[in-house]
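Undergrad: Residue-level listing of the chains:
There are 2 protein chains.
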Amino acid sequence: MNHYAPEALTGFCTAALVAAGVGEPIAASVAQSLVYADVRGVESHGVLRLPIYVRRVREKMVDVIRQPAVVQDRGATALMDGGNNFGAYVGQKALDLAMARARDYGVATVGVRRSNHFGTAAYFAEQAAARGLVAVIVSNASQTMPPTGGVRPFLGTNPLAIAAPTGGPTPFLLDMATSQVARGKIIAAARRGEAIPEGWAIDAAGQPTRDAEAGLAGAVLPLGGAKGYGLSMAIDILAGVLTGAGYGPHVRNMYEDWKNPQDVGHAFILIDIAAFMPMPAFIARMQDYLALLKAEPRAPGVAEILFAGEYEHRLAEGRRAQGIALVPALVRELAALAADLAVAMPDPLETSDRRSGTAAAGA
Amino acid sequence: MNHYAPEALTGFCTAALVAAGVGEPIAASVAQSLVYADVRGVESHGVLRLPIYVRRVREKMVDVIRQPAVVQDRGATALMDGGNNFGAYVGQKALDLAMARARDYGVATVGVRRSNHFGTAAYFAEQAAARGLVAVIVSNASQTMPPTGGVRPFLGTNPLAIAAPTGGPTPFLLDMATSQVARGKIIAAARRGEAIPEGWAIDAAGQPTRDAEAGLAGAVLPLGGAKGYGLSMAIDILAGVLTGAGYGPHVRNMYEDWKNPQDVGHAFILIDIAAFMPMPAFIARMQDYLALLKAEPRAPGVAEILFAGEYEHRLAEGRRAQGIALVPALVRELAALAADLAVAMPDPLETSDRRSGTAAAGA
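These protein sequence lines map, in sequence, to chains A and B.
Per the numbering used here, the first sequence starts with residue 0, numbered consecutively.
Per the numbering used here, the second sequence starts with residue 0, numbered consecutively.
Think of the hints as simulated: they come from the structure by calculation, not from any bench.
Hints are supplied without guarantee of correctness; some may be wrong.
Put simply, identical chains are the same to the list, so a pair is met inside one copy or across any two.
[As the list claims (entries may be wrong)] Here are the simulated SDA-like pairs of lysine to any residue, each with C-alpha atoms no more than 20 Å apart in a straight line: (1) 258 / 72; (2) 293 / 150; (3) 293 / 277; (4) 293 / 225.
Okay, chain A solo, but in the shape it has when bound (with noise of 0.2 Å):
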């Protein structure tokens, strides 16, 4: 597999955008969500959006003109009207405003209607995690999971985001799916031509699959059966029947409705730990609770017990230093993409010798 530099492919993805027609800081927003994913091995929500993304603005599905703007505003509550922009860049938009407004009132809640998908929340909230800030943040999405006791798909995977700072460089940063495992991960799976576990997916028929196209075209499961549901059903009804965007069948799938925006909502929460202790006696406070958390007796086989976040963020520290790799499915499919829109392709960094180097290692 070839290797790529951050840098590069955050390049790559501007300038393939701009030359569909999108507006640069747009570009550069969208760009930046996508490599953040990949960076921390999120790869259902990397890059391998890129060509889904262009297709959109080429189909002007997603509209790059409008801007998002406020259309309510309380002061520590405020609801966004996407405009149907790029949800990277209308998450952007709202996650600024939030900020703002959780550190003059404490705590701030901003609603977004009428976005696009809005890649990794992670990406939003390990930013609100630097700026002192406790995070919860969600989204809906378009329909994959049934509810419990249905066949098909009819919730999406509305995923959940809480951070929290650490005092450390690697933040407390969970990001969930509601389901048992992202549909990102089954789309990944289905690209890598590998089988599913079974739990993780019905197929069309709502019986149990380990083939990845076939959970696609069936529904993922809820974690947990009523308990994901419930989670995911509530999400939906904070991201999207409060704002104003869509909620359940509402909510339009990006790769097959060509005829209607998304429609995605996001929920911003944030909340300013100043409000309740000075930021010192939090950070002490967490850092006691990591040095007990790494203190427990771990299952054998396990070197350390991380907290949410941490794996990503050891996969980040070495995919800035050593290159994201891209299968060559998808590396193929950018290279279409990059000639068909007349940008260059990045090229891929010195991998071969790493990688007898990492075989040999290996041996």
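Chain B: place on chain A using the hints.
TA: Below, chain B without anything else, positioned relative to chain A:
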């Protein structure tokens, strides 16, 4: 099994707590929370907790004199010191404050430290939904779950409740522990002498068990592995770290620790729907959502697709009319407590007729 009228049980719990030295308003708050749980079929948080609550008062582990007090206030946020009073009472004070502030600011977050076990979070969340608010309510709890990779209890089953009005008598009301099941369900199984399903718990040696007592001696497992672990820790950060309450091992077990207050923490995040859209518009959207959900095709044997809280609401309707069934072991325990406190045990409803009626109908 004997059945008891909810009002009779509420009166009994109040009288028992008053006889133990608790002021009437506090006793009534606790009694209402306990019976609310039983009415909704959440026996694990019902009157089976009365004996331990009384014992905590008698052993002076709960302070029923000191009133909860606001110690930080920024308007949209407040921090309350529970004064080690009963969780149901402290929680009510915090909820009342949060509801008023959410009206004023559109969103409010009230954190609570130095509290105790506050019963079922749904008790608070339903009140907020009835007043036109979307509620996100969390509490931490004493150690029952290992982190992913760990082998012994470190985190609580830290519950999360999310509620919203629907326009009908049944709100959307998710109230979930972040474990595969609520620890209380294992307590209830142990009380009934029943086995527990696989995947609910590990024993004290870290091995999977179906023995309820062994599971109580060991640890319940997080919901869906790493996701439930991350969610539980996120709640611990919001309810514990951020509020100055205990977290992880610093939250004391009310059954086992007779030297220290529990130092439970809670967080109430309430959002005023009117800050986003007029209530009738929100209700119309929720009604549309529920109509779409109910019209979904169903798996074989499923009579109706229910939303979170709907099953419990229907149970509650039945139990308000027909009484709450208490298992004989619990009746004996409550009767002993009644005798000890010199309060009258309530008379059961005339249940033998109903029971033979039920048996006949089932035959």
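Undergrad: Against each hint, give a clear statement of whether it holds in the structure.
TA: Hint check results:
In this homomeric assembly, residue 258 and residue 72 never come within 20 Å of each other (Cα to Cα): the closest approach is 31 Å inside a single copy and 49 Å across copies. Taking the closest pair of Cα atoms, residue 293 and residue 150 come within 20 Å of each other only across two copies (13 Å); inside a single copy the shortest separation is 42 Å, beyond that limit. Within a single copy, residue 293 and residue 277 get their C-alpha atoms no closer than 25 Å, and across copies no closer than 48 Å, so neither meets the 20 Å cut-off. Taking identical chains as interchangeable, the C-alpha atoms of residue 293 and residue 225 lie at most 20 Å apart only when they sit on different chains, with a minimum of 16 Å there against 32 Å within one chain.
In summary, the numbered hints that this structure violates are 1 and 3.
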